[in-house]
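If you read the protein sequences in the order shown, they are chains A and B.
Start counting the first sequence at 0; every next residue gets the next number (numbering that gives the first Met the number 0).
Start counting the second sequence at 0; every next residue gets the next number (numbering that gives the first Met the number 0).
Note: identical chains are not told apart, hence a pair may lie in one copy or across any two.
List of simulated lysine-lysine pairs, DSBU-like, C-alpha gap at most 30 Å:
1. Lys-15 x Lys-373
2. Lys-26 x Lys-122
3. Lys-327 x Lys-222
4. Lys-306 x Lys-226
5. Lys-222 x Lys-306
6. Lys-306 x Lys-15
7. Lys-127 x Lys-56
8. Lys-15 x Lys-127
9. Lys-230 x Lys-306
10. Lys-26 x Lys-42
11. Lys-58 x Lys-128
12. Lys-331 x Lys-226
13. Lys-31 x Lys-127
14. Lys-30 x Lys-55
15. Lys-306 x Lys-331
16. Lys-128 x Lys-26
17. Lys-128 x Lys-31
18. Lys-27 x Lys-128
19. Lys-127 x Lys-68
20. Lys-331 x Lys-222
21. Lys-128 x Lys-55
The hints are simulated quantities; they were obtained by calculation from the structure and are not laboratory data.
There are 2 protein chains.
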Amino acid sequence: MQNFRFICPTDFIFGKDAENAVGEEIKKYGKKVLLHYGGGHIKKNGLYDRVMENLKKHKIEVIELGGVKANPDIGLVREGVEICKKENIDCILAVGGGSVIDSAKAIGIGVYYDGDVWDFFTKETPVKKMLPLGVVLTIPATGSEASNTTVVTNSENGHLKRALSHDCLRPDFAVMNPELTYTLPPYQTAAGGVDIMSHVFERYFTLEPNCDLTDRLCEATLKTMIKQLPKVLKHPENYEARAEVMWTGTIAHNGILGVGRSEDWGSHMLGHELSAFYDMTHGATLAIIIPHWMEYVYQTDIQRFVKYAVDVWGIENDIFHPEETALKGIQKTKEFFRSLGMPVSFEDAGIDGEKIEEMAENCTKNGAVGGFVKLEKEDCIKIYEAALK
Amino acid sequence: MQNFRFICPTDFIFGKDAENAVGEEIKKYGKKVLLHYGGGHIKKNGLYDRVMENLKKHKIEVIELGGVKANPDIGLVREGVEICKKENIDCILAVGGGSVIDSAKAIGIGVYYDGDVWDFFTKETPVKKMLPLGVVLTIPATGSEASNTTVVTNSENGHLKRALSHDCLRPDFAVMNPELTYTLPPYQTAAGGVDIMSHVFERYFTLEPNCDLTDRLCEATLKTMIKQLPKVLKHPENYEARAEVMWTGTIAHNGILGVGRSEDWGSHMLGHELSAFYDMTHGATLAIIIPHWMEYVYQTDIQRFVKYAVDVWGIENDIFHPEETALKGIQKTKEFFRSLGMPVSFEDAGIDGEKIEEMAENCTKNGAVGGFVKLEKEDCIKIYEAALK
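Start from the sequences, fold in the hints, and give me the full structure.
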């Protein structure tokens, strides 16, 4: 086990009607809040009204900034920073999914800086602190409600998508009501589910040989998703299944599954390029990449992939034929993603291979990606090509 | 899944030489620290010197209070409170196991109160805040390095042992170096291990039917202990096994395994009486009680005990004979504790049954104990009696 440091101070308020806690929580940080959200969904389903009413009840002044889109843009973040400075905002409340939360995190750090907030993402300026941030989560997927990361896109500079990590980026509190996810469309539910599983895969496939507890916690998390995701897709209003998926999304990415071990994140890098070039949903890009990444790298540690097949998928351990066992686990992964309605190839997603060279170039322009296996440009090309059909 | 609230803001600094971080951490809270510890063990093994040197290097003024004993007493706590008030202490550093940490927690809340600190334990005064608290953990067992609980004994009033829980009782940081546990005697290592497992049992055996993820996380934690504890006893300086046990101790009791479900804690109550009447180590009392508690209650939910047997112990699920499968899991538990060198009966521990009536009386004097099954005095007597041989 490698030395590690872990802190996740987020206060989780989980369950039915949890959103009624927002006013009480915000009051701990001040009287003036920036309410940050995406499109009209929260207005249509009544969540916006309930949150506003609760904030009003607690005499909290609300300044609004809606309009966050998938792959949140630095333009709106800059706007948010200006508002917070001008209005002396005490706290940000992000109501939405990962994009809204990530945008709010970027605003929260921009407030404490006189230059352009994008400087944090180019690493020209180190992050030090963030405005208090509360979250009302509506989409279980990115884990941003507890993670120390934000991912923001700069559309002015050729769609640069940049991630930033620092423990001050963890929200102060996260309100999580599984009922709020009942109306998520199946595709978004499934894509969120794959994203959650990917956060575990990126940690599970490690070169660290000694990580017994975290291996088992990873397996517990994956098995929960394998059991609960199909239930949620079949019965969107199954509270228990929605609750399992929502909480699993948090555990999968608050960092607890990565302590003491090296992580990978190559699949995320490969997937980000698919998002950038074809405007695809993050989770769908991962469903395409992950099984092919697995097929490309499994020989680096066949026994780890045997363990994955046996301890996650319950595949019989064919002890004399470890490679066959390992490949069965990978095949199961692909079949599972497909059963969720996710694409597992370029063809499934209706995209061609014309951009492969360019994507691989972009993916590796700062050097090889991944931790389990270091992927150079040529490796990326091979994985993309394997994913064509 | 029941509604829940969960927060664990402790900053974990884990690994070799982790204790060298104390000065840097304490500085965040002030310049004057109360160094709280037990007997001479940390002086003999050099830990005391290393911590003192590090604090000196960071120009932190140190006031010392040693002498904490197992089942920490309110007398020393009162002394600590006086010192902190008189010396304007900024932060407490607890170097030791659960007793030292619990004593430090009690001191930390007493500082903010003009009356007798025991009032918190009689619930006459509600807890509101605690002085910043850092921990250097030397015994993996109680989980107090991350838990929201402290247990203190009042020896003046007939050995009243009282627990207090509040989220402000979670330490601010916890330094965890597995090497510090190399010199723990086998008995203490084993008793600590049983304590860790008991924290999972108290949560695993729940009446809540829907808790898929936390069930699996509980099982992951128990299986890790079953694998690693014998290794640690066989090779006390096996770093990896010591590291697994130490981190598992934290996960087992920081509360994450109890979210969304009812818990039990009946075995702890029964065990506390054995400690009080026979001055036994906490973990040893649990090794005696737990298997007999299981035998007494399993019929309340046989399928949960079947799951325990199959998913924790890997026992073949004899589907047509669930009771047999359930009982095999309980038997395995007893055998495992015995294999660790723990007593699993009064006889093993060299104690008689003369105090059973009195212990059962004390155990239930505030009403029935336990959540999975409510145990009245008569139930307690039966469990104690079953544990005689």
